[in-house]
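Taken in order, the sequence shown gives residues -21 to -1, 1 to 167; the numbers are from mature numbering (1 follows the signal peptide of the UniProt record, and there is no 0).
Because the hints were derived from the structure by calculation, they are not lab data. Each hint should be verified, as a subset may be incorrect.
Below 30 Å or equal to it, Euclidean Cα-Cα: the simulated DSSO-like pairs (lysine-lysine) are [stated by the list, open to error]:
1. K100 - K148
2. K130 - K107
3. K91 - K107
4. K82 - K148
5. K130 - K100
6. K130 - K91
7. K83 - K148
8. K100 - K83
9. K148 - K107
10. K19 - K107
11. K19 - K91
12. K82 - K130
13. K19 - K100
14. K107 - K82
15. K19 - K130
16. K130 - K83
17. K19 - K82
18. K83 - K107
19. K148 - K130
20. K83 - K19
21. K19 - K148
It should be emphasised that the depicted structure is a prediction, and the values quoted were computed from it without experimental measurement.
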Amino acid sequence: RSGRSWGLACLLAACMQRCTAMLAQGSVQVPTGGTRFISKFCFTFDPSQRARSGTLEVTVWAPALMPGQHAELLFLDDEAHSYPGPSGAWSGMTCEERARCAKKRVPLNHSKVLGTTGQSKRFQIREKLRPRWWYIALSDCSGGGLTAEFKVRAVNNPYGWASEFSTDKRLVLLVLAPLAASFACISS
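With the sequences and hints as input, model every part of the structure.
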């Protein structure tokens, strides 16, 4: 019985550690003239605009990027003129049209994406009306195709200890903690 209590205490202590940010990493194959989404995150809002809603940092490595190849990192949000969602409208766009919809476009620099540190872009998100989804994508409109490694970090600044949670996930711990405690009581 005391072993079970000790295990539960350790589990709760592990859950209470502060994380620095949401982290998504992996690799992606972008087809010729295509666009691939690599991550998304829902940032909160501040109607007063006194504080930034969050921070988004992306690092890309693309060792096979050729000099002159036109590949970009795209930042889109959920506004209708930016990213209309998975629809026929988005699917019917050319690579250049998709890139023009981005709120921010960062051309991949051949010398930076080849290095061990990769090419990084960090910027502050400010939302004043409502929580908003931000999508990060890689595009290659040059026709060469692209293989890349990526790392995305996102932080919701106003959430304090829960800053690593996307707005849609931040209350999950408040639901799961009582459920876990109830389960522990029932099973003992």
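>> Given the hinted pair K148 and K130, is their Cα-Cα distance within 30 Å?
In response: holds, 20 Å
> K91 and K107: Cα distance at most 30 Å?
Replying inline: Roughly 34 Å separates the two Cα atoms, so the pair is violated.
>> So if I understand the rule, the pair passes when the alpha-carbon distance is 30 Å or less; does K19 with K130 pass?
In response: holds, 12 Å
> Do the alpha carbons of K82 and K148 lie within 30 Å of each other, as the hint requires?
Replying inline: Given pair K82, K148 holds - Cα atoms ~24 Å apart, limit 30 Å.
>> Holds or violated: K83 and K107, Cα atoms, limit 30 Å.
In response: Given that 30 Å is the threshold and the Cα spacing comes to 18 Å, the pair holds.
>> Need the status of pair K148, K107: alpha-carbon distance at most 30 Å?
In response: holds, 20 Å
>> So if I understand the rule, the pair passes when the alpha-carbon distance is 30 Å or less; does K19 with K148 pass?
In response: Holds: K19 and K148 sit about 12 Å apart, inside 30 Å.
>> Hinted pair, alpha-carbon criterion (30 Å max): K83, K148. Please report holds or violated.
In response: Cα-Cα ~25 Å, so holds.
>> Hinted pair, alpha-carbon criterion (30 Å max): K100, K83. Please report holds or violated.
In response: holds, 11 Å
> Is K19 within 30 Å of K82, Cα to Cα?
Replying inline: Roughly 14 Å between the alpha carbons, so the hint for K19 and K82 holds.
> If you draw a straight line from the CA of K130 to the CA of K100, is it 30 Å or shorter?
Replying inline: Within the cut-off at roughly 11 Å; holds.
> Is the straight-line distance between the alpha-carbon of K130 and that of K107 30 Å or less?
Replying inline: Roughly 27 Å separates the two Cα atoms, so the pair holds.
Checked against the numbered hints above, the structure breaks only hint 3 and satisfies the rest.
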